[in-house]
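Participant: Sequence order for the protein chains is A and B. Positions in the first sequence are counted from 1; adding 19 to them yields the numbering used here. Positions in the second sequence are counted from 1; adding 19 to them yields the numbering used here.
Incorrect hints may appear among the rest.
For identical chains, the list gives no copy identity; a pair is met inside one copy or between any two copies.
BS3-like mimics (lysine-lysine), calculated; alpha carbons at most 25 Å apart, straight line [to be verified]:
#, residue 1, residue 2
1, 133, 51
2, 44, 34
3, 34, 104
4, 69, 230
5, 57, 44
6, 124, 51
7, 57, 194
8, 51, 230
9, 69, 104
10, 133, 194
11, 230, 104
Hints in this document: simulated from the structure, not taken from any laboratory.
There are 2 protein chains.
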Amino acid sequence: MERSVDSELRQLKEKILTMGGYVEKALDDSLKALIQRKPELFDNVYEVEKEVNQKHIEVDEACLRILARQAPMAADLRLVVAVIKINTDLERMGDQAVNISHNAKRYITEPPLKPLIDLPRMAEEVRAMVRFSLDAFVRGDVALAEKVLAMDDLVDGLKNQIYRELITYIVGDPKVTERALNLILIARNLERLGDHATNIAEDVIFAISGKDIRHGGGAGAQAGSTQK
Amino acid sequence: MERSVDSELRQLKEKILTMGGYVEKALDDSLKALIQRKPELFDNVYEVEKEVNQKHIEVDEACLRILARQAPMAADLRLVVAVIKINTDLERMGDQAVNISHNAKRYITEPPLKPLIDLPRMAEEVRAMVRFSLDAFVRGDVALAEKVLAMDDLVDGLKNQIYRELITYIVGDPKVTERALNLILIARNLERLGDHATNIAEDVIFAISGKDIRHGGGAGAQAGSTQK
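Let the hints inform the model, and build the full structure from the sequences given.
Facilitator: See below:
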């Protein structure tokens with residue numbers, strides 16, 4: 020028979036997965052609205068983000084309930100503490116999808132600035148980081164979580180490249196200033212989504228292995244949880 | 020005689036206060052370096068941020084230890100869960116002080132752009148939010164925490180004002196693009212510091228009253244934990 024703590028932890032994981040699904044949906048719609056210039060998708064993002072916020076509260080309540088009733092130990096306790104943190108990251112990822120929408124909304128009312136430079140590529144990388152971090156959580160897959168950590172450097176590099184390129188656009192033609200700034204801010208929103216996926220990956224590694232790899236505590240992959 | 024859980028919770032609070040002190044120091048030095056143009060202060064910021072990261076790990080370990088050994092209940096449990104979250108926010112506030120330094124470093128190598136517009140005022144507001152959120156935590160002062168929530172709107176307004184003003188600078192003279200962008204990014208770093216202080220205030224209110232006021236769950240003060 021399943022222990023009562025196991026059943027509660029299983030339900031907790033399911034809640035995080037549902038929440039992760041909402042975050043992915045919000046992110047996808049915000050990017051599709053930007054790249055395919057479909058303003059009708061923005062409302063979806065705002066609606067889905069409300070679901071994320073609702074789950075945010077539910078997950079926190081579930082964690083408190085499990086800690087109070089079950090007093091979980093060892094790996095179970097680490098899992099609950101990891102979920103408290105993952106919950107916060109997911110909620111902020113929902114906020115970032117909304118921020119992308121705000122910045123994209125202004126952008127797509129005007130003619131496009133060249134073909135968005137490397138933004139679609141950066142978006143794809145970040146999208147993969149989000150997916151992998153959630154998969155790593157479900158499967159308890161440390162190797163996949165480590166892959167997420169390694170991807171963060173590429174995303175940071177793309178962001179810097181986009182920034183430099185857009186500055187040369189502005190200097191060349193100040194009339195593009197607002198549009199270029201919108202894209203710079205969207206690149207930062209994406210970078211932060213990548214940072215949150217990195218945080219989730221670190222929490223997964225901690226929950227499974229008990230190893231705190233943040234702040235250089237791990238071997239191999241870069242483990243900083245910095246955000247710019 | 021003091022219960023063992025009380026003694027551990029007291030030590031936990033002290034750790035958070037020490038960590039908060041480091042965050043304040045890092046923020047003060049990064050702002051002083053920017054406003055008084057003192058590049059020699061940047062190294063202090065990087066050093067102090069290392070202390071913040073060290074405390075980040077220690078606090079997490081202490082929380083896990085208390086949960087495992089003491090299985091705290093009710094208000095004690097809420098306090099530990101709040102500290103897990105406050106710890107994350109403080110660590111990211113340290114990151115933001117570093118980001119301000121990165122952006123300010125580039126800025127102060129060139130002649131200033133007018134007298135920094137409303138940035139010093141915005142910095143003062145955010146500085147107060149950080150202080151009040153930590154004071155609210157130490158004293159368990161819900162009214163002070165609510166004051167922090169109310170200050171967030173003013174900070175967001177200042178950020179938007181700074182953004183609009185800097186765009187007109189760029190459009191008027193593209194040579195100032197990089198410097199203006201540095202200031203726009205610093206305004207965003209400050210805004211995020213304010214958001215983290217808001218998160219801390221919400222966690223303080225939750226720890227003390229058991230009320231989750233996030234996502235519109237509270238009466239009165241605006242309680243969103245959004246970040247742009």
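Participant: Please name the hints from earlier in the document that this structure breaks, with their numbers sorted from lowest to highest.
Facilitator: Those not satisfied come down to hint 8.
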